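J.: Keeping their order, the protein sequence lines are chains A and B.
All residue numbers for the first sequence refer to the working numbering, where the first residue is 1 and numbers rise by one.
All residue numbers for the second sequence refer to the working numbering, where the first residue is 1001 and numbers rise by one.
Calculated directly from the structure, the hints in this document are not laboratory data.
These figures come from a predicted structure and were not determined experimentally.
Backbone N, C-alpha and C define an ideal beta-carbon position, used for all residues, glycine too.
Incorrect hints may appear among the rest.
Derived coverage of chain A by chain B (criterion: at least 3 residues anywhere in the stretch with Cβ under 8 angstroms from a Cβ of chain B; other residues may be distant) [to be verified]:
| no. | stretch |
| --- | --- |
| 1 | 96-104 |
| 2 | 138-152 |
| 3 | 172-180 |
| 4 | 258-265 |
| 5 | 357-365 |
| 6 | 464-476 |
The lines below spell out each chain.
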Amino acid sequence: MVQKQKKKSIKEISPIDVYGLLPKTNCGECGEANCMAFATKLVNGEFTIPDCPPLLREEYADLLESLGELLAPPVRAVTIGRGEDAITIGGKHVLYRHDFTYHNQTPIAIDLADSMSEEEIVERIDAIVGFSYEYIGRELRLDAVAIRSVTDDPQSFQKAVQIAKQRTGKPFILCSQNPAVMEAGLREADDCRPLIFAANTLNWQEMAALALEYKAPLVVSAPGDPGQLRSLVKTLAAYGIDDLVLDPGTFPDEGFADTILNHTLLRKAACISRDELVGFPILGTPIAAWTGEEISPEVVQWKEAYMAAMLISRYADLLIMHSMEGWTLLPQLIWRFNIYTDPRKPVSVEPGVRTFGNPDTNSPLLITTNYALTYFTVEADIKSAHIDCHLIVVDTSGISVESAVAGRYLTSASMAEALEEFNAESLVDHRVLIIPGLAARLSGETEEASGWRVLVGPKDSSGLKRFIEERWPPKDE
Amino acid sequence: MTDKEKNTGYTVLGERLLSLLSGVEQVEFENFRMEIGDLELFIPAGSGGPHIPAMPAPPTRPTELFQERFSPPDESYPGAIREVTLGSTKADGGTRGKTIKIGGSTSMAFSSPNHLPKNRTAIAMDVFDMDVALPKALKAPVLDVLDDPAEWARMNVEKFGSDLVTVHLMSTDPLIQDRSPQEAANTVEEVLQAVDVPLIIGGCGDPKKDAAVFTEVAERTSGERLLLNSVTLDMAEAKTLESVAVAARDNGHVLLAFTGLELNSAKELNRRLYEYLPPEEIVMDLTTVALGYGLEYSFTIHERARQAALMGDSELQHPTISASTNAWAAREAWLTMDPIYSPREIRGPVWETINALTLLLAGVDIFMMMHPAAVRTMQDIREWLIQNDRKQPPIPDWVRTRC
């Protein structure tokens, strides 16, 4: 293969590079004042190309193409499914999260088997669709359904796909290495754009034909053999298939070390060497933990849990799991949410006043920062202690109390302003403000700046219950 | 079923899991081989042939596989992580049966087959010198030894295979029991006699009291090469840093430099310590935050620190430690939750395991842990990760597994 000129990585692209490829109309349709501002945010990943409506018009087709090429990530983005449940995997720009931010969080697909009864399938799909955990104000959910042909029988597989399709719009991964079985499944899901698992060195031609016919993305499977993976990718790309997903194999137990290493080497090759033959999303299959059936389910679930978490950390762009135990899934859902947040921008909540319980005008008035982890911890502590109170959430650009005090995001002036802005005087009759213990050093200044009396609260909000019991209502000085 | 009965069930389940993870009942792989046979059988005989579906395909479509190879990229870095030795044997003036070496990495963790870790990741298990509030799942395995740090340490080493033991001198906290440095040193001596692995000595977090305790412990255990956990910028502010650093240097101990998720602070603290002792006597703690409460900050800080160190930033070229037990600060690790998230006897250990494994991937060299099941998993995985010349295991046929 002829080596192309090395592409610029996202870190090397400047807003000027992008600006040159924009319509330069300064129309403001993106919400920014001008095209230069849009270019800066596009490079930072805060906008995507379609956020510039003019670019999508016929007259700018050339610009659109060049811009797409300039900003194309080393790992291609692949879309599975249709409609609002569709998922996009891959689209990764960097090896390390701190270099840019990871995009397109790892969807988790849960399997079902064509050996299950209709009732079991329906029950399992309902469990998958219904699974939800509320975490710092977000709903964490499962994303897709992997339908496995355990029977290797086309009719059973087709039937399973049919039942699943009636029950959910979530994207499917159809799993069988038998082309006849796969075709039966695809016929049933022909308008769903499911992911096909998988093409290997033996069935690749038939699978490729199916992928083209049904316009479906295709997994290339070569467990433990990245060389074979490249061979397959090169062949299938020449065959005319653009949307590929890599399955380098997920081995349980000792083999898991190689799995982690292969994932890392493939992603390094894509991001650092710009090896286009491995520049595709990677599929991880913690479900492989279940292939050794002879041990107890808890131990298999335990393995599946740690394998999934390690694969999320090490470049899996899509996971297939079997366990539906909450304790297996919860750490995955939380970890992938966390690792896909922008390291340059902390997760924050809206500033404002929150009310807990049934406070009256004698109830305590507290203040905290708008860093999501701080806010939701304080919220949970207030709720579990059943404190009736008002809480002012002050804008610290999403920084925690300790850092906000040190970095002067939280100051006596900003607290005094927040009291005024959120009309604290109308909430309570007293003029006492409880500040976080970690902001103790601001207490004197804040009294001067606001005219309110300041009580220094506990360093950790878990101490609020005791603090309120002992210190509220405050004694006269 | 009443709640009580349920709880008993959970405990039994937790214990079963523990015993299953204990390595006594090793997994047999015979079935894997059988399934591979199945896999080969099921692949349609004609599918490898040159058959092309009858469709208007352009003639350029390949009919045979291209043959490509994968040459993994190899990065080499100008820098390396220093090696630090913990504990000392009789020959070196201590009493330990063996020493533990940590650090020495020359690449990002587990990212190259040509740069295997120089030293095995070490695991230290905690003991406390007083009754502390611990989740049930953590107390259960050590219930009989909770009030005896020496016996607790012995159990950590003999039963759970911990490489080192951390003695947390919580009782010295002026706000708790305010026990004297002398009493604390007595406890350390008792533990030293009970086990022959290297020790980590944890203070109470008060910069003045810790300095007094560490100084006393350092003198009384001269030559043992303890890891003093920890020295901080707060100590520098309280003007107690120098006394601890000098006591460590004069008595042959190692310092753990602790900072909160901020690399400039870590570098500043290290620079202050270089005035008193050689860099080979320093380990860094960059803060371990619990999963769900900011673990991603810890993960990214460790990756940044390791990358900068390998690129040549000598102020960050120290091995790192993680107090993975901080995982238990997450409510999800111990709280009674909706039945779907049960049993918490497993949820907690999974939380600790995933915290530790995440930071293992980020390159952390030594872990402070508590739950035996989490420790067991870490022990397995670090062995797998360090092995060379592995044989390729059979390919797991998860598509057709009935589960």
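J.: Three or more residues of the stretch 96-104 of chain A near chain B by CB distance under 8 angstroms?
T.: holds (count 3)
J.: With a Cβ-Cβ cutoff of 8 angstroms, does the stretch 172-180 of chain A contain at least three residues near chain B?
T.: Since 6 is at least three, the answer is holds.
J.: Three or more residues of the stretch 258-265 of chain A near chain B by CB distance under 8 angstroms?
T.: holds (count 5)
J.: Do at least three Cβ atoms from the stretch 138-152 of chain A come closer than 8 angstroms to Cβ atoms of chain B?
T.: n = 4 at 8 angstroms, threshold three: holds.
J.: In terms of beta carbon proximity below 8 angstroms, does the stretch 464-476 of chain A have 3 or more residues touching chain B?
T.: n = 0 at 8 angstroms, threshold three: violated.
J.: Has the stretch 357-365 of chain A got at least three residues whose CB is nearer than 8 angstroms to a CB belonging to chain B?
T.: violated (count 0)
In terms of the numbered hints stated before, the structure departs from hints 5, 6, listed from lowest to highest.
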